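Participant: Each chain, written out:
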Amino acid sequence: MRFFATPRELRQQGVLGMNQRNVDYIMRYNPRKLYPLVDNKLETKRLALESGIAVPELYGVVEIEHQIQHIEKLLADHRSLVIKPAHGSGGNGILVINGRMGNYFRKANGSLLAIKTIQHHASNILSGMYSLGGVPDKAILEYRVDFDPMFEHISYQGVPDIRIIVFKGIPTAAMIRLPTRDSDGKANLHQGAVGLGVNIATGETSYAVHRNKIVDHHPDTGYKTTGMEIPHWDTILKLATQCADRVGLGYLGVDIVIDRKLGPLMLELNARPGLNIQLASGQGLLRNLQMIEAHPHLPTEIDARLKLAKDLGNMRIPEKE
Amino acid sequence: MNSFTVKGWALALSLIGLVLTTYKAHELGLPLTPRQNTDVWTLQAQVSFEGTGAPAKLSLFIPENTPGFMLLDEDFISSRYGLTIAKLHDNRRADWAIRRAKGDQTLYYRISVARSNLRTDWESKPDFPAAPDYPEPYASAIQAVIEDVREESADVKSYTQELLKQLNSSAPNENVELIRDKATSTGQWTREIINVLKGVRIPARTIWGIDTSDSANNAPLRPLLQVHNGDNWLTFNPETGKQGIPANYLVWKVGDRHIMKLEGGNDPAIAFSVTRTYAELIDVARQGAATRDSFFSKFSLLSLPIQNQNVYQLLLMLPLGALLVVFLRTLIGLQTFGTFMPILIAMAFRETQLFWGVIMFSMIVSIGLMIRFYLEKLLLLLIPRLASVLVIVVILMLLISLITNQLGIERLLSISLFPMVILAMTIERMSIIWEENGAREAILQGIGSLFVACLGYVVMTNENLMYLIFVFPELLLVVLGLCLWMGSYTGYRLMELVRFKGMQGKETE
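Respectively, the protein sequence lines represent chains A and B.
Position one of the first sequence corresponds to residue 17 (the working numbering), numbered consecutively onward.
Position one of the second sequence corresponds to residue -4 (the working numbering), numbered consecutively onward.
Warning: the hint list may mix true and false statements.
Taking lysine to aspartate or glutamate pairs in the EDC-like style, the calculated list, with each CA pair at most 20 Å apart, reads [to be verified]: (1) B:372 / B:431; (2) B:193 / B:128; (3) A:123 / B:431; (4) B:496 / A:232; (5) B:97 / B:262; (6) A:326 / A:245; (7) A:229 / B:436; (8) A:323 / A:245; (9) A:132 / B:262; (10) A:123 / B:371; (11) A:132 / B:371; (12) B:152 / B:122; (13) B:372 / A:81; (14) A:154 / B:436; (15) A:229 / A:198; (16) B:256 / B:99; (17) B:160 / B:187; (18) B:496 / A:158; (19) A:132 / A:79; (20) B:152 / B:187; (21) B:237 / B:147; (22) A:123 / B:430; (23) A:132 / A:81; (24) A:277 / A:158; (25) A:184 / A:319; (26) B:97 / B:278.
Have a look at the derived ranges for each label pair, beta carbon to beta carbon [as the list claims (entries may be wrong)]: (27) A:315 / B:456: 39 to 47 Å; (28) A:28 / B:379: 51 to 59 Å; (29) B:309 / A:65: 24 to 32 Å; (30) B:442 / A:169: 47 to 55 Å.
To be clear, the hints were calculated from the coordinates, so they are not data collected in a lab.
Keep in mind that this is a model prediction, so the values were computed, not measured.
Glycine is no exception: its CB is placed at the ideal position from the N, C-alpha and C atoms.
With the hints as extra help, turn the sequences into a complete structure.
Facilitator: Encoded structure:
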């Protein structure tokens, strides 16, 4: 077994490379002036609320060092919440508080934190430790998603989320990211989370990838991950499409979580979605991207677009001129 | 369309850079590699005469147009004399004058030259000479030779060649012998040939020069024949008929006027000496650039003061380092801390040498990291914490310098040139990645950065590259072109071939 693939093989698989993603998709379809809408999670949230897109409830924002004291009160009110940087990237700087034990607060992984540690974390966020370029940031405190029971057996701590790539308003690829012990409860494939491919047409899960290896069960819980049906699949696709319409970015990654009570919620948007989704879904992105690019008249109605998204897999690749 | 524009620019910039480089290398004789030695010839004309106590005026022809040679330096050693230099067509004349010259007078003119493929154009354009009235019996002899040669030739060049062949023939006919008899020296012989050429109205002249094949104390002036073919002066050896100016022949003057002229003195004498020395080609090019008047030499970095040259020598390597980073990131796909951080580290390695640089870097970063982990526990604000790390880095460097000084490892004293702020930022970033993405990722990226820094060091200290980019800064255009080209590269990165190799297995499963 070789430890690499030839460029030709990758091209046949329709694998999208980082350079091509940057030049041909991000730079071409994502106008820079729209970046702040997605890079600033507060702005994203405001936009979503305006257009009736479901998001986790915002509890509060810490903008200056002085307001850090309010965290204690918010924690008292809500018991569990998420603290994250408004300009974070790659899931960095997100702190999930699950509950309280006396004077301590329980982190997602069960460890206990003093209020001072939580405040320090917020302070780090404010000073820009997690933001791109280290510019001063704000800390967002929001509802902690209580994820759907479906994911109970196939995630370890953390919150599994669904990543959907929406290209020119059409959902093109989807995966679920399952946190593992390895990833310290983070839903980031790079850090060891499991990437689980989802069939856009059916919402059914296929093989999963963990640390670049193909698996069909969760490495920590041992539960099978293939052949599961994602609940609310149509709503999820619709939600992703609405997000793309609202922010106007042509090549967008939408992160969605399914709450036990509230259903699908949009967690965040990403103007530079990663390429790991290809590994998870076992399918290169290029094929669908090129098909959408070559499509003579893309429908404008959301329903028609969702139908097109589901049909993409069966369509023939148009001849290149 | 966009990609075409980018590639067009990339190509155009690279081409301009390369063309300028070749032009400069060729025209200015700038070598493409450093440490190339070359011969420098110093020719000295020693002029002496006996002063009579009256005002004296001495004129000496000095080299003006020196095809095949680059003028490096020239000197007039003539303390009490007033000196003016007159430019005549294809010639230059030094005129020394003094109010009162008594006793032995000696003046020197010295010129340093190095061989170069410099092409020079002769200034003067001659008129067609009038056909002279040769006295008999020469008239018929010359006429016969002219007729013979004419049958064998097509143009000025072939005519001259054929004429020289016949006149220098080892089995001369009587006409040739008659003409030959008149000449007692090569100079006179050349004049005879010019005289014959006048008969067919070909403009011709003598040039006088010195052979620089070895050091010599009494080097003679040797004549060559030049004929004008309507466009150019063609040079021939009047005795062998060989065309062209020999490689070691330095043209001293053009024409038959006497090399020197003295007014108000007795017994003028002149002697030429040739000395050969070696010099580094780049110094020669530098001197050449200074004495020459061309646009390129004026706008050359070689014309800057030396200390500024050193600064630029360093600065000009940065783009090469950046190019390396671009290559490693977009074509290979290596991850590093910060985009150009490894290059700044590489610059620091220049001072400490690679081995010690790597050791120092690893030491400071690991100790810094440990302290940084402790600082994390103290729950400090970001900026004060960064500043603390910076202070700690400086203290570490101080300690290392003091300790190594005691141990007598002088090399490490230059550690102070390590970019402290960069190190502090590296430590900060590494600790964040450590915490967020795990130790593995942090160490991998650390090693990646160090690797790029080492490569950067190798590239940025490469003597040939340093020399090339400094002498031919227009190569920066090529660097820019390459950056543009890689900027529009949409193919796979080398690392992606490994990253996505699992894709095939999945399909077939």
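Participant: Starting from the hint list further up, note which numbers the structure goes against and sort them upward.
Facilitator: Hints 9, 14, 18, 26, 27, 29 and 30 contradicted; others consistent.
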